[in-house]
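Chains as they are written, first to last, in our numbering: chain A, 1 to 390; chain B, 391 to 780.
The reader is advised that the hints may include incorrect statements.
[Said to hold, decoys possible] Restraint ranges, calculated between C-beta atoms of paired labels, are given here:
(1) T591(B) <-> E375(A): 30 to 38 angstroms
(2) N507(B) <-> S200(A): 47 to 55 angstroms
(3) F336(A) <-> S547(B): 14 to 22 angstroms
(4) D272(A) <-> H729(B): 49 to 57 angstroms
(5) V225(A) <-> R771(B): 53 to 61 angstroms
(6) K594(B) <-> V225(A): 56 to 64 angstroms
(7) H339(A) <-> N536(B): 29 to 37 angstroms
(8) Q278(A) <-> P558(B): 38 to 46 angstroms
No lab work stands behind these hints: they were computed from the structure. Using N, Cα and C, we set each Cβ at its ideal position, and we do this for glycine too.
There are 2 protein chains.
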Amino acid sequence: MFRTIRASFRAFSTIGVVQSRKRNAWRYPAGFFLLGTGAAVWWTSKSVHADRRKQKINPSHFMALPITNVDKLENNPDDMRTRMELMIMRVQADFCRALEAEEFAGKRFTVDRWERNEGGGGITCVLQDGEVFEKAGVNISVVSGNLPPGAVQQMRSRGKKLSDGPLPFFAAGVSAVIHPRNPLVPTIHFNYRYFEVEDSTGEKQWWFGGGTDLTPYYLNEEDSVHFHKTLKGACDEHDATYYPRFKKWCDEYFHIPHRKECRGIGGIFFDDLDEPSQDDAFAFVSSCANSVIPSYLPLVRKHKNDAYGDPQRTWQLLRRGRYVEFNLIYDRGTKFGLHTPGARFESILMSLPLTARWEYMHEPKANSREGQLMEVLKNPRDWLKLEQKP
Amino acid sequence: MFRTIRASFRAFSTIGVVQSRKRNAWRYPAGFFLLGTGAAVWWTSKSVHADRRKQKINPSHFMALPITNVDKLENNPDDMRTRMELMIMRVQADFCRALEAEEFAGKRFTVDRWERNEGGGGITCVLQDGEVFEKAGVNISVVSGNLPPGAVQQMRSRGKKLSDGPLPFFAAGVSAVIHPRNPLVPTIHFNYRYFEVEDSTGEKQWWFGGGTDLTPYYLNEEDSVHFHKTLKGACDEHDATYYPRFKKWCDEYFHIPHRKECRGIGGIFFDDLDEPSQDDAFAFVSSCANSVIPSYLPLVRKHKNDAYGDPQRTWQLLRRGRYVEFNLIYDRGTKFGLHTPGARFESILMSLPLTARWEYMHEPKANSREGQLMEVLKNPRDWLKLEQKP
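The shape of chain A in the complex, shown without the other chains (with noise of 0.2 angstroms):
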């Protein structure tokens, strides 16, 4: 269904600071490298005048070669489908790289980029069994098709008008979970996508939709804030009412029912966003995973070194169960993607964490560091104290 071509990072990205060390000194004509492990690089030199229309682009930035031919890309700069798909290349490798900075002794991503038999393809980068980063997944997707009759129902469930007969589509989107060793490190997820559907008629309809949100294992309200804060500040550039509706969207989104607890924390969750106009939604999802560096980078390096004991750890490994249980029972995109012919599963389940625990009856105590979380998880917090102000 799909064809993996694994490229080595490590070669990847030295021929990368190789091509920049030279970039002054000498210049490539634009064409492909092709590496050894198969990977291609390519580079070219920075037009003179920077405007979008004739920027060329240069993919050694990236974890791995666009998955739309960049010819095409250069050629299509305008277009939504070429904006999204090099925000989000960039995106997925600056975290990748931010990542790898944090880990002590070098451990860096894998990278496979794989195409899709029905049309397009992914970058999927997984560091594993690192020293901080237990297990760290970075995926973005391009790709395009004639919709599932499973997403047709979900999409019309969800109020869109969709013709009947084949509906070609396109969508393109980052996604991230990042599963840290130690226990007071928190979990983080984000997500961003754009999607494209031509209707029977020609007609296209679009929109975007994403969200970041934060898994502690303990209770740091700063931390908590911060972490608030920081998609607060992102979303308030656009839309002083994006914060408020998405963090609620997010609370009840990361819900696990049979529970009746949250996942964590919250963050921020949106859908079916096709508003004010293209430019200024694909603006805010750009602020969006612009903040996943500043809202998380800084929680990773005040408690990587943190202390902890095996009662910490069977903790974290038994909200990691619960992690589990929301992604393959209630995630819609785990769902839709399992559900839908021709996906890369291991994209898919990149996201569950190394390792997961369940104890029948489990229930920390209520005055306990366990139980402060719970209290959290059961009644979703006003973290910015929104509600109390004027």
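Assemble the complex: chain A is given as a structure, and chain B must be docked to it using the hints.
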């Protein structure tokens, strides 16, 4: 939604033993002994005539008091509800005691008897963190009420004709999942259930369902043949077509579509069994339930002292990750249970292992022992070579 009483099994079984010892010395009057833990034990002498119509019920062998009032059970000995409840109570107790006998240091099941506001209840027995069994759950439930809409839809999609309006139902079943610590000992799952639905016209439909299946971490051909042969023996007593039909159904049901592999080496699985008669179907289901111990316990005894190391343990945890995937994404019982109002999720999720693991893109070498298992999971075998026979 439900009320749980944790009965100390140790206390309960001690009482049982005391009673058995004294059985010939003196007689309790018919009545209840309320234990300090809240569980009640009811005992009386056997009637002289072993007629089912007159036989008194001795619940001291059970893990807790039956869900249905004992008087009611005694007054309706021929009702299939009574016969099923007593059968699953006995199977639960026999299986729990057989497993406890395999533990080295006397680890016992904890017993939770719970009641459901909507009608009925259950008994959940869990042995966690034993030396031989890392997590073993054996559950019975006897529930009634009106069918939730999701269940109606599911049953209609299976071809059941159900009228509109409220549909009173009764369901009684036993289910168990045993996750041993030693990776050389396989995991077993079984579930036997009886269902009744009453139409608005007062017409009653009934059927049985269930199965037993094995999930080894390492393939042992002799064990696999023993397991399937024992199940075939139970089937053949009733209908020579049962084993081949239900073996195939099992391979099809316990399948993980996104991985294109089976959960284990199969066994038997069937549903909607309502022929040739209620008595015959009950006798068949009883034979199946009775075959669990002889199919499985010999494998536990054979391998519980086998030597293993970290690589085998890691492989076991990875396979358990697949078990979690099947149960949370595909298993009809789990999905239906978690979406049913008032369901006791702890009893549903007791099937999950204590620990599980997910590695990105893990694939064992084809010629390794792990690869040999994968070959069988990808291509289910005709263990008893039935298709080669004349």
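Which of the stated hints cannot be reconciled with the structure, identified by number in ascending sequence? Hints 1, 4 and 8 contradicted; others consistent.
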